[in-house]
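Below are the chains, spelled out letter by letter.
There are 2 protein chains.
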Amino acid sequence: MNKSYEAYRKLFQEIADLKYASALMQWDQETYLPPKGNEIRGRQIATVTEIAHRMFTDPKTGDLLEELINNNKLNHRERKNVELSYLDYEKNKKLPSDFVRKMSDSVNKSFHAWVQARKENDFTIFQQPLQEIIILKRQEAEYLGYEKHPYDALMNEYDKGLTVASTDKLFADLIPQLSILLNEINQQKQINNEFLQQHFDKDDQWRFGIDLLKQIHFDFDAGRQDISEHPFTINFNSQDVRVTTRIDEKDFANMTWSCLHEGGHALYEQGLPINEYGLPLGEYCSLSIHESQSRLWENCIGRSLPFWKFHYSKLQKIFPRQFENISVEHFYKGINKVIPSLIRTEADELTYHFHVMIRYEIEKKLIEGTIESNDIPAIWNEYYEKLLGVKVTDDKNGCLQDVHWSHGSFGYFATYSIGSLYAAQLWNNIHKANSRVNSEISFGNTDSIFRWLQNEIYAHGRYFTSEELCKKATGETLNPAYFINYAKHKYGEIYCI
Amino acid sequence: MNKSYEAYRKLFQEIADLKYASALMQWDQETYLPPKGNEIRGRQIATVTEIAHRMFTDPKTGDLLEELINNNKLNHRERKNVELSYLDYEKNKKLPSDFVRKMSDSVNKSFHAWVQARKENDFTIFQQPLQEIIILKRQEAEYLGYEKHPYDALMNEYDKGLTVASTDKLFADLIPQLSILLNEINQQKQINNEFLQQHFDKDDQWRFGIDLLKQIHFDFDAGRQDISEHPFTINFNSQDVRVTTRIDEKDFANMTWSCLHEGGHALYEQGLPINEYGLPLGEYCSLSIHESQSRLWENCIGRSLPFWKFHYSKLQKIFPRQFENISVEHFYKGINKVIPSLIRTEADELTYHFHVMIRYEIEKKLIEGTIESNDIPAIWNEYYEKLLGVKVTDDKNGCLQDVHWSHGSFGYFATYSIGSLYAAQLWNNIHKANSRVNSEISFGNTDSIFRWLQNEIYAHGRYFTSEELCKKATGETLNPAYFINYAKHKYGEIYCI
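Chains A and B, in that order, are what the protein sequence lines are. Take the first sequence: its letters are residues 1191 to 1687, numbered as in our numbering. Take the second sequence: its letters are residues 1191 to 1687, numbered as in our numbering.
Simulated from the structure, these hints should not be mistaken for lab results. Misleading hints may appear alongside valid ones.
No distinction is drawn between identical chains; accordingly, a pair holds when it is met within one copy or between any pair of copies.
[Unchecked claim] Here are the computed lysine-lysine pairs in the PhoX-like style, where the Cα-Cα straight-line distance is at most 25 Å:
no.	residue 1	residue 2
1	LYS1292	LYS1193
2	LYS1299	LYS1555
3	LYS1209	LYS1226
4	LYS1404	LYS1226
5	LYS1678	LYS1661
6	LYS1299	LYS1527
7	LYS1200	LYS1283
8	LYS1527	LYS1292
9	LYS1581	LYS1379
10	LYS1200	LYS1270
11	LYS1359	LYS1440
12	LYS1555	LYS1350
Full structure from sequences and hints, please.
Have a look at this one:
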């Protein structure tokens, strides 16, 4: 191996070691950290993050990368790694070290404020720490630079090339078509899914969730599941990928589809090439593609009739009383009931996009500075009433429901909708590649799906952009028509439209 | 605050942040890490450890410390911190960075080999990785320097000033007196403690252990307990101190006294001054003093009759069948039965010192190079037969029982015996300070003990050496007579000698 490339590899793997040390401290913070440990943990994470940033943005790193950019002895994968690292370097050196530390400190503070605010159901506890984050994110957008809208700079962090212009256009295309479908559904007979809100024992739910993860190929020798306030997936390398879930004993859906959602993310991370540890080709493509993986397993597969044709009898064995008089067809309709509601993570596949758009619109305004954090509750509640026709009862069921802002993740939400659109497009191609896929799923066999994703998505790491990867896997770039067709077909059947 | 002192404080707290990030990765490795995550975790720990070492041994650190050593504006605590850090610096810069990394890599490899070797009950799996560690430890002794014996350099790491000469003398004093006592005990009627080996449900044991920890003032808001292969205590600051235990359903003693032992360590760590985080005065005095804390709670308190006068009725409620016909006096005698055995952590308070001495003798020979790792099983088994009269049946119950060597902890074991001696001396003074202490314990009240330790031990951090601290707290330096008297009195009563 080329000597400079070897030095580059060594350096970037060391930076990755620090990054993942910090990630483990964050995982621990949300799973097992005793309460008094919070304060010092915050500074520990900040220090390790800052040192990693310092190593990454060191001018020597730039020199090494520039030398390699001009080196013509690299093979195509090595070249790609170097090019992507150089792009990251150029972007990262725009952020001063003390800014990165300030952000890390603020995120730590605001995360705890968010936990507290949720506990006390009071947005005002979170408002000031959040305002600090918003001011820092505006500053970050200026540091990073943008052509048209400051929010572009932040969205670009999660999906290269994503802009306000393209996202506005996407929602303008999607939302009206969904509104029409929602109207049609509204005129049909409503589905009774009250059976999902009974008592479901915590431990039984936990075991069922673990079983689902195993069924969809989650490798428990290379990962684990734990409990946290808000479900998430985190990885420390592709051989150690961890998901979390939360269990509500009064709601069967809460844990079940969070397992499948985070499981979908985790399969992607477990499938990334370990021999590229610490280098771009060992990383995921973009958050939109990441979300396509979670939404694919959660919805296209996990809310399909074939999937439950296999799993429902097992479920009935665990909860015999609760599902006594419910047929699998009724269960299937129940878990796909379309109804405007307050909580994004519990929303059906159609109204979900309205939840996302609301957050997108609020973030856009926060970053451009036309609103401030104290405007959030009112504007949030107004949007929910106007777009979904639901009245927000309190902050916990309103603007305090998502962890993202407390983490400083602005520009992230749009990738949820875009991910769903990618998922539908990939799903269409999975069926094209194997016409027996539904039948296989109904026998509990998702091997061919897993293999297809392994080859078409996981194995490529960050080699392609979202658009390139989509084109390679499906023959065309993102086309929302696949999702619209998927939705019309699925809900047309369920609601007899 | 002095500007240079502030810079020193900031730097050392950052180094501590890295050290504790690495500690969290180690804790995770022994509690929750999925098996395939081991390989990369090893390099992650090595990188973070090396960066911390690099920052610590940077000549700029030395310059800063030298400037502060000559600064006459520091108060006495600041001065002490600087002096101790300078001693650490001088010691640490003797170890080259690549040596530290090599050690960290080797430790990671050998720890996993040890786990595997224990599982397969086969020392040969561990032998080669252990040999690598031994060679590195010999090299470390040379780097660190010593006056008389290379093993002095390693023991000095755990208790400043500890030497082969002083430890040889100590054992030469202690062991013959214990042998006499053991002989006398041997001639008495033997105690039946078979009731400890029944079935004790895992979850019930776990809850009882948690309750014991709470009773002895372990703060669960600033710590937690988990399960691991080998019990240990680890801390990431005094507000986050974690203990682990293991549960054997066929043996009640295993978990119970490991909880009290690790709990004693943990109380010390939780009691260290948080405002000195990352600085010497926020650290423990020495491992000997640390062990005095664990042995005090495990033995002087946790194997005393007053302690069980309070806890035994609770225990009988949890395990009514198992303790049905056993009086608290019989229970007390049972848990103090003196019998030569194979496992150090399960040994009684008297034969324990023989276990320690055997390890001390073997380590001494390994470091001076008169034996190698492949000699260990034979020499181990020979010592056990000669000194304790027991035949080692297999490696798992022999030379594979302790984690220490796999961690590279050579020079550690002697502090177990020395810690017990300190414990007896402190215990004598706790009684002098409060003559009602036994009566209080029998009512479940250990507050005055906890307060005494807080004031006399915990609060001082590393301000004093072991000897100084002992003298301050008890009026004299280490005197094994206190342990001998304690042992004669306790076992004289139990065995009617």
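Consistency of the hints with the structure:
| no. | hint | in the structure |
| --- | --- | --- |
| 1 | LYS1292 - LYS1193 | between (36 Å within a copy, 22 Å between copies) |
| 2 | LYS1299 - LYS1555 | within (23 Å within a copy, 53 Å between copies) |
| 3 | LYS1209 - LYS1226 | both (24 Å within a copy, 19 Å between copies) |
| 4 | LYS1404 - LYS1226 | between (35 Å within a copy, 16 Å between copies) |
| 5 | LYS1678 - LYS1661 | within (24 Å within a copy, 83 Å between copies) |
| 6 | LYS1299 - LYS1527 | neither (38 Å within a copy, 53 Å between copies) |
| 7 | LYS1200 - LYS1283 | both (20 Å within a copy, 24 Å between copies) |
| 8 | LYS1527 - LYS1292 | neither (44 Å within a copy, 59 Å between copies) |
| 9 | LYS1581 - LYS1379 | within (23 Å within a copy, 80 Å between copies) |
| 10 | LYS1200 - LYS1270 | within (17 Å within a copy, 39 Å between copies) |
| 11 | LYS1359 - LYS1440 | neither (39 Å within a copy, 67 Å between copies) |
| 12 | LYS1555 - LYS1350 | within (21 Å within a copy, 61 Å between copies) |
Hint compliance for this structure: hints 6, 8, 11 are broken, all remaining hints hold.
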